[in-house]
Amino acid sequence: MSRTIKVAVIAPGFVVLALLFLNWLNYRVAGLLSPHGLAWLSTLFFHLLLFVMLTATVLTVAERKWSAFTQDRIGPERARLPLLSNHSLGGLPHVAADALKMLTKEDTRPKAAERDRVLFMLGPILAFAPVYALAAVIPFGPAVRLASGYTVAPQVANPNFGILFVFAIASLAVYGTSLAGWASNSKFALLGGVRASSQMISYEVALGLSLVGLMIAFNTVQLPALIGAASASSGQAQYLWSTTLFGMDVGIPAWGIVLQPAGFLLFFAAAFAETKRAPFDLPEGESEIIGYFLEYSGMKFGTFMISEFVEVVVLSALITAIFLGGWHFGFIGDRAFAAGWGTSHPVLYGVVCATVFALKTIILCWLQLMIRWTFPRFRYDQIMTLGWKILLPLGLLNVFLSGALILLDPSLQWLGVVGLLEIAVLLGLTLTAGRKPARGPSASTTPDAHALSTAAAHH
Amino acid sequence: MAYYPATQDPTTDVRERSYVPELLRGLAVTTRHFFKNLLFPRDANPDVLNRKGNSHITTVSYPEEKVTYPPGYRGLHRLVPREDGKPRCVACYMCATICPAQCIYIEAGEYVSEDPSPESRVIEKYPTRFVIDELRCIVCGLCVDACPKDAIRMDTGRHTPSEYSRSGFVWDIPRLLQGPAVSHPSDPWHKRSGSERPAHPHPERHARIGDGLVQLKLPHGHPHGVRTEVTAGPIPVTKFLRD
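From first to last, the protein sequence lines are chains A and B.
Mapping the first sequence onto this note's numbering, position 193 (from 1) lands on 189, and the numbers just tick up by one.
Just add 1432 to the spot in the second sequence (first one is 1) and you have this note's numbering.
Hints in this document: simulated from the structure, not taken from any laboratory.
Quick reminder that beta carbons are idealized off the backbone N, C-alpha and C, glycines included.
Treat the hints loosely; a few may be bogus.
Said to hold, decoys possible - With a straight-line Cα cutoff of 27 Å, these simulated BS3-like cross-link-like pairs (lysine-lysine) come out:
1. Lys1468/B to Lys1518/B
2. Lys2/A to Lys1557/B
3. Lys1518/B to Lys1557/B
4. Lys1484/B to Lys1518/B
5. Lys2/A to Lys1484/B
6. Lys1468/B to Lys1484/B
What the hints assert, rightly or not - To give an idea of the chain A side of the interface with chain B (calculated C-beta under 7 Å), a few residues:
7. Arg(-1)
8. Thr0
9. Ile1
10. Ala429
Using the sequences and the hints given, assemble the complete structure.
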């Protein structure tokens, strides 16, 4: 069996099957618990505890394996399972090895931190808890009306203030890192903590502003309403322009990334800064200061580490819900699917949609890891410049522009046109960059005019 | 992929200034490497530069795959055996003397002249202990150059294997004596018996200094003598000084 088939077909197939099974179990168990009003307990177990935590755990190894592939290395493969010692299983046994190591390592505590023992212990807890709590408002699949008459939605809580909850809780995560930096009673940890707090507070602003455009567009802050329902053609499930081909609906959906590409880039950058991962890993800065978790060992350090990966998963799920149309396919067949299976086999519809959501989330996790292994770290003043002088004005501009366009055209089509134009400009600039320079004096004297005209030709 | 900057002047080009297109291009490079290395099998050829296939991976999984050393590689020592399996070494201490790391220790044994074995006619000594501390060795190869009998070589093509203790790195004759035997026509043990003092029209050619066969040409024995200037007393220093 060739590696290509293993990697490209069997492993993803296994992941898809596992996700389908997990979502099916979730809908069934939630259906059983609904009469007692405890359907959220099922989502808590299957999505928060299994999907989010397992993905985050696997990401710890995936980060090393995938970084190895981008850097032409093999990556971890030496940990083996007892009866499968001939197979590296993609390095997955390293998850168990790492967990064992973290849990059995000596838990040292710096003597100087004894005075702040409570704060020292609180550090990892406060770093992990808010990040994990974010997952509570994420809708992992569509609300489905079961045969028993109960409506089941794979979401732990659906408060009226959906996205605002995200902003509120995400900003609490700064306490964990700054407390860890302070209570460690170490210069380097304190530096890391201070860096973390200033960076995270700076990017909160851009994080919030980047979503205002979408809140205006869809007139809601609830995540399920933002994703919308294909049957009702609401939220991101509606089409900006659509037609019907062979009984299937085809069109350009009103996804957040189409309406608000600038907002997407801003949110992505700000969210990256919130996760404190490269290129925004100044608080950790492993080559200069070890960062706010310098004095932590064993599973306390592991908690910081895993909270970083949980944040990656949760932010991917958030971006999926807000910008990538949630559980909808998008460009083809959403309405036909909702009208078909959506009415005849509601549970299967829900399972497939929830799996689409999970796959989009996983792909975004991959993208975050690729970015982390591509970009060099910013200098500290560059971080602050990016946050305050670039992202903040751009976010404000985006809010005003989006507001004006929505005021002019409530059907969002103008917003879509401007959004597609922004994407085209970005693509044009990217594709014209890095071309082999044309020989001759004319090209070398006016390279900018040439580049801009080429970029303009693309849209 | 060759890298072409968007322009020669990064201060004016919007693609360089906005940073995003260049970021996306960088992402494209890493993504291409990622998928090639993920999807295609790795060629395990230890000759990394000649690896075939689409995978870019250059790793050599060491204990299973080993890079072969180049032909001239100075590796682990060996004591070269003779045809009969004994070391060629005659315990002359040249290698131990020249070794800058002082990692060679030799104890010599002497052939008794009454010994009926054929070597005793031609070789005086042999090593009873020949020890190299491989941790101290700096692999300079001077011992190989110094050896008059071609008895120590560094042609194993291996490096010193790892050990669990320091004492494991002290190699003695049983471990050092390895590899193919080497034999030269000029080796003393190849001389025919009775050829220690060959019948020769000019026996002084084979004589040694102390034998009395050769008259040493010493300066004072010369008929005319060597003219030497004899000065009485110390040389006056003022001779070399200017006033």
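Hint check results:
1. Lys1468/B to Lys1518/B: Given that 27 Å is the threshold and the Cα spacing comes to 55 Å, the pair is violated.
2. Lys2/A to Lys1557/B: The given pair, whose Cα atoms are some 66 Å apart, is violated under the 27 Å limit.
3. Lys1518/B to Lys1557/B: This hinted pair holds, its Cα atoms lying about 13 Å apart.
4. Lys1484/B to Lys1518/B: violated, 46 Å
5. Lys2/A to Lys1484/B: holds, 20 Å
6. Lys1468/B to Lys1484/B: Since the Cα atoms of Lys1468/B and Lys1484/B sit roughly 13 Å apart, the hinted pair holds (cutoff 27 Å).
7. Arg(-1): For Arg(-1)/A, the interface hint holds, since the closest Cβ of chain B sits about 4 Å away, which is under 7 Å.
8. Thr0: OK, holds: Thr0/A within 7 Å of chain B, min 5 Å.
9. Ile1: Violated: closest Cβ of chain B sits about 10 Å from Ile1/A, beyond 7 Å.
10. Ala429: It holds, given that the least Cβ distance between Ala429/A and chain B is near 4 Å, below 7 Å.
Going down the numbered hints, you'll see the structure goes against 1, 2, 4, 9, while the others check out.
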